[in-house]
Amino acid sequence: MRGKKFGDLALDGGIYLILIALGLITLLPFANVLSKSVSVEWAIVSGKVGIFPVGFQLDTMQFVITSEQFLRSLFNSVLIVVIGTVASLLITALTAYPLSKRELPGMGIVIVLFIFTMMFNGGIVPNYLLIRQLGLIDDLGALIWPALISVFNLLIIKSYFESLPPSLEESAKIEGARNYTILFRIILPLSGPVLATIGLFYAVYYWNDYFNPMLYINSMSLKPLQLYLQDIVINADTSSALNGSTDNLMNVPPEGVRSATVIASTIPIVLVYPFLQKYFNKGVLIGSVKG
Amino acid sequence: MSKAATPPAARIGAGSRRWKLIRGNLGLYALLVPGLLFLLLFKYAPMYGIIIAFQDFNIFAGVAASDWVGLAQFEKLIHSDEFLQVLANTLLISLYKIVILFPIPIVLALLLNEVRKMLFKRTIQTIIYLPHFLSWVIISGLFLNILSPSGGIVNEVIRSLGGQPISFMTDNDLFRSIVVFTAGWKEIGWNAIVFIAAIAGIEQEQYEAASIDGAGRIKQMISITLPGILPIIMLMLILRIGSLLDAGTEQILTMYNPLVYENGDVIGTYVYRMGLGQQDYSFSTAVGLFNSAVGFLLIVIGNSLSRKFLQRSIW
Amino acid sequence: MRKSSRFVIAMVMASLMVMLLAACSSNNNGENASGAASPAGSAVSSEAGSPAASPEDKPSLKRLGVWQDQDYNAYPVAKMLEEKTGYKVQYDMLPQDWTEKLNLLMASGESYDLVSMFSDMALYSDYAQKGALIDLTPLIDQYGPNIKAAISQQSIDALKVDGKLYAIPTSVTYDINSSILIRTDWLEKVGLQMPTTTDELVAVLKAFKEKDPGGNGDQNVALTGKGDQAMFDNIVGAFGMPNTWNEVDGQLVPRLMDPAYKDYVAFVADLYKQGLLDREYVANKDATAKEKFNSGKAGAIIVHWADIPTISDALTKNVPDAKFAFVPALKGPAGKAGFSSNAGFDRLTIIPKASKHPEDAIKWINASLEPETFKNLAIGEEGKHYTAENDAYTPILPAFNDERNLANNFMSGADEQSYPLYWQARVRKNPVMFEAFDTLNNKQPDEVKIQNVLGLAPYMQQYSKSNQQLEAMVTDYTVKLIAGAEDLSGLEAFQAKYKAAGEEASAKEVNDWYANK
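Residue numbers (UniProt numbering), protein chains in the order written: chain A, 1 to 291; chain B, 1 to 315; chain C, 1 to 517.
Derived from the structure by calculation, the hints contain no laboratory data. Treat the hints loosely; a few may be bogus.
[To be verified] Derived lysine-lysine pairs resembling DSS-like cross-links, with alpha carbons at most 27 Å apart: (1) Lys209(C) / Lys262(C); (2) Lys20(B) / Lys173(A); (3) Lys164(C) / Lys323(C); (4) Lys209(C) / Lys48(A); (5) Lys88(C) / Lys317(C); (6) Lys130(C) / Lys164(C); (7) Lys443(C) / Lys79(C); (8) Lys443(C) / Lys331(C); (9) Lys508(C) / Lys76(B); (10) Lys76(B) / Lys336(C); (11) Lys148(C) / Lys48(A); (12) Lys262(C) / Lys336(C); (13) Lys76(B) / Lys317(C); (14) Lys117(B) / Lys101(A); (15) Lys465(C) / Lys76(B); (16) Lys189(C) / Lys48(A); (17) Lys219(B) / Lys121(B); (18) Lys58(C) / Lys189(C); (19) Lys58(C) / Lys206(C); (20) Lys5(A) / Lys117(B); (21) Lys363(C) / Lys76(B); (22) Lys48(A) / Lys517(C); (23) Lys48(A) / Lys499(C); (24) Lys363(C) / Lys353(C); (25) Lys278(A) / Lys121(B); (26) Lys353(C) / Lys130(C); (27) Lys164(C) / Lys363(C); (28) Lys353(C) / Lys465(C); (29) Lys148(C) / Lys160(C); (30) Lys101(A) / Lys308(B); (31) Lys206(C) / Lys130(C); (32) Lys5(A) / Lys219(B); (33) Lys117(B) / Lys278(A); (34) Lys465(C) / Lys79(C); (35) Lys5(A) / Lys121(B); (36) Lys148(C) / Lys375(C).
[Unchecked claim] Quick look at which bits of chain C chain A covers, simulated, 3 or more residues with Cβ under 8 Å: (37) 258-265; (38) 282-293; (39) 306-318.
Beta carbons: idealized from backbone N, C-alpha and C, even for Gly.
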């Protein structure tokens, strides 16, 4: 890359400038919550904490992350994310592969059947009865199995498979390779970026889900982190009519605790992305496989 | 799909060719089985719940024993006084969001692709996706401070430039713009991920060949990168259009106030605020069904149009 | 079109299968109390481990309570109650956002013996009418002497649905929630007394605005508030409308239809116009308004007394010599004054039809209401958790916080005579909070505590159905009037709309009940 032209430099400069500006303004809300989580309470409720902490302290954070319930919930969430993401990636890739063969009769119908469920669903009550029927109430399985395939992710990976050159498979087929072999030996190894993407999407989904745990999990020991977080942060507004009991008003967790809980339960999932990025940045060298 | 009148003979010919294709690829069909079982059990089995929308559902009696009310729930929605205004707001805010916000993540992905410094690229990618993880309550609270006429940073700037402070959050004319802007702020980084990945999936050989031909970076961007991610762009656009009737209920609920209801109230917020769906499974199902039906129709239309004009389609 | 007709066929087949599946699965909900297979892992151990554990063959009970941030089963009160009542109880809790989940649990027949929830009369009546609850009257007659002694007839009447009682209540424990909190050091600086009338209030706010006693420059705010609040406590009472429905000529009338509504709106709109009410009031959220007062930028704010500890901490850090107090009931132009006085219930405890041990559930409640046990439950042991002086109970910290702070979540009904006194121990945990509480609740004369009669009304269908929508309409409209986005010339048209939206039917229902009360 020697001998860069002036136009190239200007282009680079412009791009960097735009990205830095964007980075700064999008960092703002996170920086704000982060500062609140390490500031003293009086400064927070006086509206004095902006991007930088006021009266720096780590007691709140320590209080939050060392509580037994937090650690137990964290463990549950990690378990759900790991099992859920692996299982989802597997079944989604498995389903998407045949669906990417448009020339096969019936595939179009199946895709429409899937897309239909993106828009229409039975609603809370039938879903609850189903989970109950399956004996999954108060079981972490209730948070994983019904979410195994996200149609959105299915379509993304299907679209990616379609974009791979057909010549790849044809040569393998001539050599007599079976479908499974082609999928696992040829297609998936070339699918790093898309697998990383939907893997991230699945992981974030499983991590962020609080509604299903709220419905299906009763035991304190099985609650995932987002449910714990939601319970602490929700309706912390003391004027909320929902929980009009005064004893609740007197026990509202301080805003610093709420911010610290948000931070402590967001950081683990946020850190997944940087680790996945190496799969994004490589770029695919199909030639190396073909040859 | 649209060639309706095929002669019978040709049809038989096509039929047997079909069978040959199916029989030759049974292994591929077999791969579908787990996915289909999943679909049937977890998605279609509970689907009977949709009929709640046509009932006066009694959760203790169950679907089988609840009273039928026909379209009464839909009438309740459509005949509400403000429905037309609310529907118009929903469509407008949603359209603004699509027209203005849909292209930005694509541009962002293209820009990031031009960055050669890996550390910088990864840092920026991570930072701009952070707001996705914060709830609207937090984001809205922050914007309320930033845009405040007394002491908010935006108005401080306006004042220092000699302008009059603007009461952003109570200005009916500005509200939709604020909604679109903050939605963009929160989600562009997250929405760019799928495009960044798609760019990474483009064969490197194409760029090498173009470089040898002397194509510049901008030219490569337009002639290789963009066409390379066109399928995923169309996929995302069609799906995005399918959620047209969801203009961001949670977001607007945390941001609006009576002075901007006129332009800001959307279907979701209206139903919530009026307590129309409270404890009323039938009504909330009816509202949901209305949204779903419109959304599904839009996806089908979007897919057909895309097939016709761009030769790209989901199915 | 071939593809699309196949598509239709596929859909039809799929939906047929769905219907079949559904028919099998949905029939047996409701009566099927223990149908679901035992869930893996989880609470099984505690449930299965103890059926015959207690000496007198008392069954283990399952109780569902409201959300708290600690495990019920590990909280000291659980152990104390087990010792005193002889019953082993397994506690589960609802999430914060609880109605949806409770509906599902009730409808699917989870076998809870006791459910203690926040008082939601519409939900309670709905369960009762749909036959999901057990009639408690015969059980109480047989096993509940302590319950009878603890709960007044008035409460029982208010909870009757079609003549039967399905819940044991915990009544509200105090009268007044909120008022205007004012900076008394600002009052001194501008040389004015605590206002006693609305006119004096205006004079004070004017002085706050013009003299800027806090030195806040262009960020100075006289009175702040939040945008989802259109009826300012204390001020709205001065216009004779402390409650959402008030008596006018023997009839209950909602605020919008009240003849005084115009005067109230004109008064507050004038405050806004003169800049005495925060110009950003409409956009303010709860937290924004409080930030202004906490940081010393606002001279007055309308808050609940439970907010005082946070406010006090923050304000005195920001402005070390700041002082504040609640404004007592203000007299309006027509000489009226008053606060809305709470009536009704804080919590309700019900026994679902699916309960396997309803009699034991009542016995357990009865045992928990035995006076000594109840006192222990409410405030603990004298000398360990509290000290007593006359009828004033002062908590001993931190023992009280550690072992009794969440005790009220364990109650299933409370003694209506003694509990409000015990309960004040909680307020005494913080002297500043107690002082504010005391000003509003103990030092205000009885005639300004105007009871919210609808708090004790039984379930009324029309009222219950349209109440939230009507309230939302009034709030929105009033906020617009205050901010000048609407003006009073449109009042009659809006009232007509309001009547049609359900007020007319509600008013009839409410007054039919009120006349025969």
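Here is how each hint holds up against the structure:
Restraint check for lysine 209(C) and lysine 262(C): satisfied, since their Cα atoms lie roughly 25 Å apart, inside the 27 Å limit. Our distance criterion of 27 Å between C-alpha atoms is met by lysine 20(B) and lysine 173(A), whose separation comes to about 17 Å. For the given pair, lysine 164(C) sits about 51 Å from lysine 323(C) by alpha-carbon distance, which is inconsistent with the 27 Å threshold. Between lysine 209(C) and lysine 48(A), the direct Cα distance comes to roughly 23 Å. Compliance with the 27 Å bound is thereby established for this hinted pair.
For a cut-off of 27 Å, the pair hint linking lysine 88(C) to lysine 317(C) is broken: about 48 Å separates their Cα positions. Proposed proximity of lysine 130(C) and lysine 164(C) is supported: the alpha carbons are some 13 Å apart, at most 27 Å. Note on lysine 443(C) and lysine 79(C): the hinted pairing is violated, with a Cα-Cα distance of about 38 Å set against a maximum of 27 Å. Proximity of lysine 443(C) to lysine 331(C) is assessed by CA-CA distance (about 16 Å); at most 27 Å being required, the pair is judged to hold.
A hinted pair counts as satisfied when its Cα atoms are at most 27 Å apart, and lysine 508(C) with lysine 76(B) qualifies at roughly 23 Å. Between lysine 76(B) and lysine 336(C), the direct Cα distance comes to roughly 41 Å. Violation of the 27 Å bound is thereby established for this hinted pair. At most 27 Å may separate the alpha-carbon atoms for a hinted pair to count; lysine 148(C) and lysine 48(A) exceed this at roughly 53 Å. For the hint pairing lysine 262(C) with lysine 336(C), the CA-to-CA distance comes to about 15 Å; that is within 27 Å, so the pair holds.
About 53 Å separates the Cα atoms of lysine 76(B) and lysine 317(C), which puts this hinted pair outside 27 Å; it is violated. Between lysine 117(B) and lysine 101(A) the CA atoms are separated by roughly 38 Å; this puts the pair beyond 27 Å, and the hint is violated. About 14 Å separates the Cα atoms of lysine 465(C) and lysine 76(B), which keeps this hinted pair within 27 Å; it holds. At most 27 Å may separate the alpha-carbon atoms for a hinted pair to count; lysine 189(C) and lysine 48(A) meet this at roughly 25 Å.
Distance check on the hinted pair: lysine 219(B) and lysine 121(B) sit about 22 Å apart at the alpha-carbon level, within 27 Å; holds. The hinted pair formed by lysine 58(C) and lysine 189(C) fails the criterion: a straight-line CA distance of about 67 Å is larger than 27 Å. With a CA separation close to 68 Å, the supplied pair lysine 58(C) and lysine 206(C) exceeds the 27 Å bound. For the proposed pair lysine 5(A) and lysine 117(B), the alpha carbon gap of about 18 Å is at most 27 Å, so the pair holds.
Taking the CA atoms of lysine 363(C) and lysine 76(B), the gap is near 46 Å; set against the 27 Å cutoff, the hint is violated. A C-alpha spacing of about 52 Å is found between lysine 48(A) and lysine 517(C), which places the hinted pair above 27 Å, so the restraint is violated. With a C-alpha separation of about 46 Å, the suggested pair lysine 48(A) and lysine 499(C) falls outside the 27 Å cut-off, and the hint is violated. A C-alpha spacing of about 17 Å is found between lysine 363(C) and lysine 353(C), which places the hinted pair at or below 27 Å, so the restraint holds.
Between lysine 278(A) and lysine 121(B) the CA atoms are separated by roughly 11 Å; this keeps the pair inside 27 Å, and the hint holds. Simply put, lysine 353(C) and lysine 130(C) have alpha-carbon atoms about 11 Å apart, close enough for the 27 Å limit, and the pair holds. With a CA separation close to 19 Å, the supplied pair lysine 164(C) and lysine 363(C) stays within the 27 Å bound. The straight-line distance between the Cα atoms of lysine 353(C) and lysine 465(C) is roughly 25 Å, inside the 27 Å bound, and the hint therefore holds.
For the hint pairing lysine 148(C) with lysine 160(C), the CA-to-CA distance comes to about 15 Å; that is within 27 Å, so the pair holds. Distance hint between lysine 101(A) and lysine 308(B) is fulfilled; the C-alpha atoms sit about 20 Å from each other, no more than 27 Å. At roughly 56 Å between alpha-carbon atoms, lysine 206(C) and lysine 130(C) are farther apart than 27 Å, so this suggested pair is violated. Distance check on the hinted pair: lysine 5(A) and lysine 219(B) sit about 15 Å apart at the alpha-carbon level, within 27 Å; holds.
Annotation: proposed proximity of lysine 117(B) to lysine 278(A) holds, straight-line Cα distance about 13 Å (limit 27 Å). At roughly 42 Å between alpha-carbon atoms, lysine 465(C) and lysine 79(C) are farther apart than 27 Å, so this suggested pair is violated. Between lysine 5(A) and lysine 121(B) the alpha-carbon distance is near 22 Å, which keeps this suggested pair within the 27 Å criterion. Distance hint between lysine 148(C) and lysine 375(C) is fulfilled; the C-alpha atoms sit about 17 Å from each other, no more than 27 Å.
Coverage of the region 258-265 of chain C by chain A is violated in this model, with 0 residues showing a Cβ closer than 8 Å to a Cβ of that chain against a need of three. With a threshold of 8 Å between beta carbons, the proposed coverage of the region 282-293 of chain C by chain A holds, since 7 of its residues qualify and at least three are required. As drawn, the region 306-318 of chain C meets chain A at 9 residues by the rule of a beta-carbon pair under 8 Å; at three or more, the given contact holds.
In summary, the structure is inconsistent with hints 3, 5, 7, 10, 11, 13, 14, 18, 19, 21, 22, 23, 31, 34, 37 from the numbered list given earlier, while agreeing with the others.
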